[in-house]
Amino acid sequence: MADRELLTRASEIVDLATRSGADGAWSNASRSRNVSYTYRDGKLEEVKDSTSRGISLRLYVDGRFSVHSTTDLRPAQLRSFIDEAVALTRALEPDPYRSLPDPSLFEGRSESDLELVDPATYAIDRERRLDWCRNMDERVVGKPDVVSASSSAGNAEYESAAASSNGFSGTYASTSAWLACEVTLRDKDDSRPAEWMAASARHLSALPAPAEIADEALVRARGLLGSVKGPTLRGPMVVERRIASRLIHRLCGPASGSAVQQGRSFWKDRLGKQVVSEKLTVIDDPLIVRGLASRPFDGEGIAARPLDVVQSGQFANLYLDTYYAKKLGMPPTTGSASNHVIELGDKSCDEILGCVGSGIYVTAWLGGNMDSTSGDFSLGVRGHRIEAGKLAAPIGEMNITGNILELFSNLVEIGNDPWPFSATRAPTLAFADVQFSGE
Amino acid sequence: MVPDMVDRAQSTPTPGTGAAGTGAASTAAGIGEGATASETLAWFGVDEGTVRRVLAELSARGADDADLYFQSTRANAIQLEDGIVSSASSSVDQGVGLRCVIGDQVGYAYTEDLTEESMLNAARTAAAIANQSAAIPPQALSARPARADYYKLERAWPDVGITQKLPKLQQAERLARAADPAIRKVSIAWSDSDERVAIATLRGQLLEDRRPMIRMFVMLTAEKNGETQAHSSNIAGRRGFDWITDLRVEQVVREAVDRTLLLFEARRPPAGELPVVLSAGASGILLHEAIGHGLEADFNRKQTSIYSTMLGKQIAPDFVTIVDDGTFEHERGALNVDDEGNDTERTVLVENGVLRSYLHDSISARHYSVKSTGSGRRQSFRHIPMPRMRCTQMLDGPHTRDEIIASVKGTGIIAETFTNGQVQIGAGDYTFYIKNGWLIEDGRITAPIKDVNIIGNGPESLRRVSMAADDSKLDTGGWTCGKNGQMVPVSQGLPTVLVSKMTVGGENRG
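From first to last, the protein sequence lines stand for chains X and B.
For the first sequence, the positions run 8 to 446 when the working numbering is used.
For the second sequence, the positions run 357 to 866 when the working numbering is used.
No incorrect hints appear here.
Listed below are the simulated DSS-like cross-link pairs for lysine-lysine, each with C-alpha atoms no more than 30 Å apart in a straight line:
no.	chain 1	residue 1	chain 2	residue 2
1	B	K580	X	K333
2	X	K236	B	K669
3	X	K334	X	K275
4	X	K275	B	K541
5	B	K541	X	K280
If you're looking for bench data, these hints aren't it; they were derived computationally from the structure.
So here's chain X without its partners, still in its complex pose:
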C-alpha cells in the first residue's frame, strides 16, 4: 500500500521533469524508519527514533545529464526544484555516452520472493528493545575488569519505489534488526582496550540471543589483555572470518567501470586473465533469500542476476553501469555490488590454524589504505600469535604491507565458515609469505 504511494510519487516526478523539458528522467522515492536504543553501564543512555523520506531524480536533457535530490516535498517547492534542475542541466556539455538504460535490461526480473521483509520486526516495541539492551548489559556490567560497556539494539524498515520515462517501474521493501555490544576493559599502564560483537539480519529469527552477543564481546575484550607490540617478519597470516570481507572488498572494489575506464584500477587489462590463486571464486549474488544486500533490481533498474567476479583466480567481470559500459564498449552488468559469495573450502578455522603451525592470526584492521591503480597496500593490524597450530598471546601495533594481487596469489587456505552477519559472507582466509612490520 505504502509502495503504491511511493511509486505514484516517483511517477509524478518523472512527469514533472518531462513537462519541464527533460527528454528522459528516472526518479526514486523512498521512506525509512530507524530506531535504536543504547544502554551504558546499567542505564538507558540514548533513544533515537525517526521516520525519513526523500526523492532523487536523474535527468537527461538535450544529451546532457544531471542528478538531484530533495527532502522538501511541498508541491510548489518541488515543482520549482525540478524546473531549476532542468535549467541547470542545459548549462552543461552534451555527453554522447549518457542515456537511460536499454529497457531490455529491465526484463527478466526474478519473480521469487527474496524474503527481505520480516513482518515480525513491525511488532518490535520499546519494551522489547529495552529487554534486549538489558539482557546484554547485565552480562557484562559490574565485572571488576570492565570499565564501561555499551549495549545497543535497533531495527529499520525501508521502502523504495522507482520509475523512469522509458518504462521502468518497481518497488521493494526490506526490514532489518541488529544487536551490538562493546566492552572496554582496564589493562596495564591504564590502557583501556575495547572489543565488540554485533549481528544484523533481515529476519529476527536469524539474530543470536542478546546474552550471546554480550558474552562474545567480553571474551574478545579479555583476549586483548596484555597485548604487546608484534614482531617484524615475513610469514603466514590467517585472517578471522569476521574481518576477511575487507580484503575481498580491496580486491573486488576496483572492478568498477569508472575506476577501470579512468585507468585507476589494477583490473584494467586483466579481464579474463589468471591473476590470483585458483582457489578463489567470488560471485556477486543479489538474489540470496534474506540477504543483507539482496535486491530485485539495481539502482538503474537493471534486473538483478548473479555475476561472476573472480572465477578460479581469473578476473571474470566488471561492475558496469550503462554509462561506463558504453564508454568502455562493453555490455552493462550492474553498477554496484550486492552480496559477495566466496566459494568455500573444507577446513574449519581450527584446522587451518593447525595446518599453518606458526604465524599471525589477524582479528582487526587498524586503518591503512591501498592504491587501487597498483594494488600496493599497507594496513594496520592486531591479533594473536599462532604457535604450534593454536592461538597464543595477543599482539598489536603492526602493519602488513604488500600488493593485493600478490597477497591473493599466496592464498593458501579458505575456510568452510562464512560469517553470516554481513553482505560479504567471508570465511577464514590464510595467506603465505606476508610482510609484517612491528618491533
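Got chain X sorted already, so can you dock chain B onto it with the hints?
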C-alpha cells in the same frame, strides 16, 4: 551500526555527490546580523508559537535541556571527466532534529516534514527518554547573533550560477593536460554548499548560522613506460567563489601533477621502527589521531579514553602546545557557533607539554562542571551532537626543518601527503597512511617513498616528539572526520616535527 570504536579522519577523494539548488535565489528573510526570532524562523516556514509548542511537548516528561536544530543545506556538484563537463548535481536537504536531555541521557528524533503535526509527533518520540514531569516551561525566544562571523562572504553560493563555475573546471583540466605528456586522464570535481542553521533551546535562546563550503578536487592518471600511477589534490574551505582565483587553480593542479609524477620514482621504505619526520601542514593528522579524539570529553566521562586520567599531567616535551580552534577565518573546521548554539573558541588542549583541557559539548561540560568549549557538533539534523574537533594545530617549536632532517641518523622517513587515519580511543593505538614521502639516510633526503601505513600509540608518540620546527601551518586540503558514523569537516596543522620512533609499514625483501 557496528560499534566502530575505531574512528577515522579521512579525506574523501570521491566528491560529486554533493549538490545544491543552483539558481535558487537567496531569500529576502535572509539570516543576518540582527534578524529577529520570527525572521530567522521564517526561512524554515515555521513561527515562534509552533517552536514553543514543540519544545513544550519535547520537555513534557522532564528535561535538563531540550533543543530544536533546524537545518537547510543546498549543495551543488559538477564533474568534468574525459574533457567534458558531463555531470552536475543539486540537492536540498532540510529538516529538524529534536533532542531531549536528562543528565547524560538523550532522546532524539528528526523529521524532514516541518509541519507542526509532524514536529509534535517527533517531539513525543524524543521525549520518551524521560519519565518525570515538565520542569521548565519553554521560554520566549530571543534571537542572539553569533559573537563573530568567521566566514563572511561577498556573495553567497546560491547567487553564483553554474556558467560562472564551469570555466574554473575547464581551466584546471587544460592546465593538467598541458603540464606533462605522461598525464592521460584528468577529472575535476567541484562541490559547493550553503547551509542554514537555526537552534532554538528550551531556555529561549535562538541562534542562527549560515555556513558556506567549497571544495575543488583534481584527480589525475599518468602513464610512463607502461606503468600507471594515479593521485589527486584538493583545496577546500568555508569560502566563496572569489577565492577560486586563477592562481589558486594553478597551484592545486601543480600540486596534483607533482604528487602523481613523483609516484613513478617512489619505492617502499624498510619495515619496522624508524624515526619519522612529519612535514608542516597536513601532518596535523598525527594530532587528530594520536591525541585529538582521545581528548573528546564524551570518551573521558565514560572512562573509555586512554587520556581519562591524564588531565594536568605532563604528556609531551615542554615545547609542545596544541590548540583546537573554531575561530580560524574561512577554514573548513571554523564555526561561529557549535551545533548546540554555544560560541566557539580557541581551546588550549596541551600547554607546554601539560594536558589542560578536553573538548566539551553541553553534556560533558555539565558532567565536569566546566564551560562548554563550543565543540558540540553533528553531521546534520539527523544526528545527535557530541564533542568533536574543529581546527587542530600544534604551535611553532624551537627548531628548524633543516636541523630536524639533518638530525636523523641512519634510516628515517619524511611524511608529506596523507589519505586517511584512525584511532582506537581506549588502547590509544592510531594509524595514518602516507601517500607521498621521502627516505632519509644519515641526515640527507635520498629517494621518494609511497603507500606506507604508520602505526603508533598516542601517549607514547607524544612523549617521543623530540623536535618541532618554527613553520607551523594548517593544511589547505579538505579533511573530513568520522566518529560513530557521523562526518564533519575539520582542519589540521603542524610544524615540521620529529617523532623518534614509529612503526613503519614498509617491506624487507631478500
